[in-house]
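Asker: At position 284 of the sequence shown (counting the first as 1) the number is 284 in the working numbering, and the numbers step up by one without a gap.
No wet-lab data here; the hints were simulated from the structure.
Please note that a few of the clues may not be correct.
Derived DSS-like pairs (lysine-lysine); straight-line CA-CA distance at most 30 Å [unchecked claim]:
1. Lys396 - Lys413
2. Lys353 - Lys417
3. Lys503 - Lys513
4. Lys513 - Lys497
5. Lys217 - Lys177
6. Lys359 - Lys497
7. Lys22 - Lys53
8. Lys284 - Lys72
9. Lys103 - Lys171
10. Lys284 - Lys247
11. Lys171 - Lys247
12. Lys103 - Lys208
13. Lys621 - Lys396
14. Lys171 - Lys72
15. Lys526 - Lys564
16. Lys497 - Lys526
17. Lys526 - Lys396
18. Lys621 - Lys564
19. Lys359 - Lys503
Computed beta-carbon distance windows for the label pairs [said to hold, decoys possible]:
20. Glu120 - Arg374: 27 to 37 Å
21. Asp590 - Pro106: 50 to 60 Å
22. Gln39 - Ala506: 14 to 24 Å
23. Glu475 - Lys396: 27 to 37 Å
24. Phe87 - Gln589: 35 to 45 Å
25. Asp81 - Lys396: 46 to 56 Å
26. Asp107 - Glu163: 10 to 20 Å
27. Gly398 - Asp81: 45 to 55 Å
Beta carbons are placed, not taken as given, at the ideal position from N, Cα and C, and that holds for glycine.
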Amino acid sequence: MIGSTKKNPGSREVRVKEAADKPLDVIAIGRASVDLYGQQIGSRLEDISSFAKSVGGCPANIAVGTARLGLKSALLTRVGDEQMGRFIREQLVREGVSVAALKTDPDRLTALVLLSVEDEGVSPMIFVRTDCADMALEPDDVDEAFVASARAVVVTGTHFSRENTAAAQRKAMRVMKQSGGKVVFDIDYRPNLWGLAGHAEGFGRYVKSDRVSAEMKAVLPECDLIVGTEEEVLIASGESDLLAALKTIRTLTPATIVLKRGAMGCIVYDGAIPDDLEAGIVGKGFPIEVYNVLGAGDAFMSGFLRGWLGGESLETAATWANACGAFAVSRLLCSPAYPTFEELRFFLDHGSKHHALRKDEAIAHIHWATTRRREIPSLMAFAIDHRVQLEAVAEKAGADFSRIDAFKVLAVKAAAKVADGRAGYGMLIDERYGREALFEFARHSFAWLGRPVELPGSRPLRFEFSQDIGSQLVEWPVTHCIKCLCFYHPDDPPALKQEQQEKLHALFEAARKVGRELLVEIIASKNGPVDDRTVPRALEELYALGIKPDWWKLEPQRSQVAWKAIEATITGNDPWCRGVVLLGLEAPQDELELAFAATADVPVVKGFAVGRTLFIDAAEKWFAGALSDEEAIADMAARFDALTRAWLAARGRKAA
1 MIGSTKKNPG SREVRVKEAA DKPLDVIAIG RASVDLYGQQ IGSRLEDISS
51 FAKSVGGCPA NIAVGTARLG LKSALLTRVG DEQMGRFIRE QLVREGVSVA
101 ALKTDPDRLT ALVLLSVEDE GVSPMIFVRT DCADMALEPD DVDEAFVASA
151 RAVVVTGTHF SRENTAAAQR KAMRVMKQSG GKVVFDIDYR PNLWGLAGHA
201 EGFGRYVKSD RVSAEMKAVL PECDLIVGTE EEVLIASGES DLLAALKTIR
251 TLTPATIVLK RGAMGCIVYD GAIPDDLEAG IVGKGFPIEV YNVLGAGDAF
301 MSGFLRGWLG GESLETAATW ANACGAFAVS RLLCSPAYPT FEELRFFLDH
351 GSKHHALRKD EAIAHIHWAT TRRREIPSLM AFAIDHRVQL EAVAEKAGAD
401 FSRIDAFKVL AVKAAAKVAD GRAGYGMLID ERYGREALFE FARHSFAWLG
451 RPVELPGSRP LRFEFSQDIG SQLVEWPVTH CIKCLCFYHP DDPPALKQEQ
501 QEKLHALFEA ARKVGRELLV EIIASKNGPV DDRTVPRALE ELYALGIKPD
551 WWKLEPQRSQ VAWKAIEATI TGNDPWCRGV VLLGLEAPQD ELELAFAATA
601 DVPVVKGFAV GRTLFIDAAE KWFAGALSDE EAIADMAARF DALTRAWLAA
651 RGRKAA
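Turn these sequences into a full structure, and let the hints guide you.
Answerer: Here is the structure:
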């Protein structure tokens, strides 16, 4: 009909409209575990001495992988009512995965997996899943309205191994088909989890079983997309020959079949199975180093779903799947290794000169910056990381330095009183005198904590406790941000400049290695004349070395020209930088308010981290015995509150 707006049901436009009509794109059902990866590469599992923790399990990985690629995903399963279950729940929320269908089982433990990378393609693993929470999933856990709110559901092989979990998945499949959605089957065959291999054989991928094949074959007719390795296609069909297996599956279902072939990429079959297996649809491949094969299939599925549900061609979906799998095999962990869509697009557009993708600094930076634990669009921080200044106050009052820690606890209480659990508030607390203050900080709901590592006043830069900074940082909570003050001027003597640059670069590399954010504070005014180009030049020099901190902490600048130059430098070198926070030195509040106003039209400036303006008066009186604890808290809280109100007012916002 002329002028008709009716679209082909398989067209990209229809897929986009479906995405707008449904609250969710995909729900993954099944395993949810905590992976404990051995950190010593090339080691037997028996010899591993430390582990890295991450969310694992095929469906949980797919939920994370698709969320990172921009799909609205959810996980339907159970976790235990303990710390590991809460870790999975909290991490899924951080990744943007819906946990509305994630049930907490009060009687069972969250599953664990212990594994190591012993050799290329060899990863011994132990599944700790005896009566675990996710295998207690039952049909009553499947809310029909929730399933119908998604465009697709992913069911997985392991959960067809028990009657209750199989019934739950079948119910979800039925509801999805009735609602007009798609059923995706990840064959996900682990013989060990079907009771076909011993506990030590967790890495084993194939044991022939008529029972498993019968269960799988019964699932195939209800599927729209089937994804599996060569071994998984064999078990799903009950055949011993790959071509025969694919043809048997085709007699049972018209579904699109995706054959994963590891380093060889994949082949997609969307119709009759050709006698020449190579005659299917092939996406672009990416030859890279195989570092760890575990979790690569889940990354692959995530990439394929991003293209398939987005209405892209099967060739494009396969290319995206291959690329996501390449990221996974080039990195150690499962879900934390999966790319974000920004990262994927960069790789597809620019490629990489590195055979080992994890060594590509540009890609690694995008991955880091786009997978940070939380967004912090604005930061108002009370800085109480001062050491030398408070030593001077205590000495003047004749007080023991041990009392400094007690005063810092009061500062935390003052800041918490102002923050009151609201977003955007933080603190700077040191380790030398702030141990108890750090514990007090943890009792409150702050958005951010920075901890200094520099030796106060050092020039050239030195670290406070050990020059082996990495061994110190690994003990910090993962949410703590490294803060380093460097008295750096672009006109410093070459030898001094080089020494400071090397120190900052070593710190940056250590921060990335241990997974901690970094704030670099630059003070140039104490060591030379400053003009509108001084700080931009300093930042350019550090960026040229590959140093890309998450935050900069800078002095108030003399003009808008200086701020615009700073902003251009940061955005030009690192568009993913969190931004700049203003330092205060000893400026009175009225001067700080002027500095706040001067940056109101500079988007890269996100907040402030001020200390002495807030605490010095209270400190002098408290150490001298002229203020009680409560009075000191009230004094500092009033000053911090006034400063935060001034900051918000300068940006046209009001305190909540």
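Asker: Now tell me if each hint is right for this structure.
Answerer: How the hints compare with the structure:
For a cut-off of 30 Å, the pair hint linking Lys396 to Lys413 stands: about 25 Å separates their Cα positions. Among the hinted pairs, Lys353 with Lys417 is inconsistent with the structure: their alpha-carbon atoms are about 51 Å apart, more than 30 Å. Between Lys503 and Lys513 the CA atoms are separated by roughly 15 Å; this keeps the pair inside 30 Å, and the hint holds. Annotation: proposed proximity of Lys513 to Lys497 holds, straight-line Cα distance about 24 Å (limit 30 Å).
Proposed proximity of Lys217 and Lys177 is supported: the alpha carbons are some 18 Å apart, at most 30 Å. Between the alpha carbons of Lys359 and Lys497 the distance comes to roughly 27 Å, so the proposed pair stays at or under 30 Å and holds. Our distance criterion of 30 Å between C-alpha atoms is broken by Lys22 and Lys53, whose separation comes to about 33 Å. This hinted pair checks out: Lys284 and Lys72 have alpha carbons roughly 26 Å apart, not beyond 30 Å.
Of the supplied pair hints, the one linking Lys103 and Lys171 holds, its CA atoms being roughly 17 Å apart against a limit of 30 Å. For the given pair, Lys284 sits about 25 Å from Lys247 by alpha-carbon distance, which is consistent with the 30 Å threshold. Note on Lys171 and Lys247: the hinted pairing holds, with a Cα-Cα distance of about 27 Å set against a maximum of 30 Å. Straight-line distance between C-alpha atoms of Lys103 and Lys208 comes to about 33 Å, which puts the hinted pair past the 30 Å bound.
Restraint check for Lys621 and Lys396: the C-alpha separation of about 11 Å stays at or below 30 Å, so the hint holds. At roughly 21 Å between alpha-carbon atoms, Lys171 and Lys72 fall within 30 Å of each other, so this suggested pair holds. A C-alpha spacing of about 22 Å is found between Lys526 and Lys564, which places the hinted pair at or below 30 Å, so the restraint holds. Restraint check for Lys497 and Lys526: satisfied, since their Cα atoms lie roughly 15 Å apart, inside the 30 Å limit.
Taking the CA atoms of Lys526 and Lys396, the gap is about 25 Å. The hint holds against a cut of 30 Å. With a C-alpha separation of about 41 Å, the suggested pair Lys621 and Lys564 falls outside the 30 Å cut-off, and the hint is violated. Taking the CA atoms of Lys359 and Lys503, the gap is about 21 Å. The hint holds against a cut of 30 Å. Range check, Glu120 to Arg374: about 35 Å between beta-carbon atoms, so the 27 to 37 Å window is met.
Our hint of 50 to 60 Å for Asp590 and Pro106 holds, since their Cβ atoms are close to 57 Å apart. In this structure, Gln39 and Ala506 meet the distance hint of 14 to 24 Å, their C-beta atoms being roughly 21 Å apart. Our hint of 27 to 37 Å for Glu475 and Lys396 holds, since their Cβ atoms are close to 34 Å apart. Restraint check, Phe87 to Gln589: a C-beta distance of roughly 42 Å satisfies the suggested window 35 to 45 Å.
In this structure, Asp81 and Lys396 meet the distance hint of 46 to 56 Å, their C-beta atoms being roughly 53 Å apart. At about 18 Å, the CB distance of Asp107 to Glu163 agrees with the hint of 10 to 20 Å. Range check, Gly398 to Asp81: Cβ separation about 53 Å, and the 45 to 55 Å hint holds.
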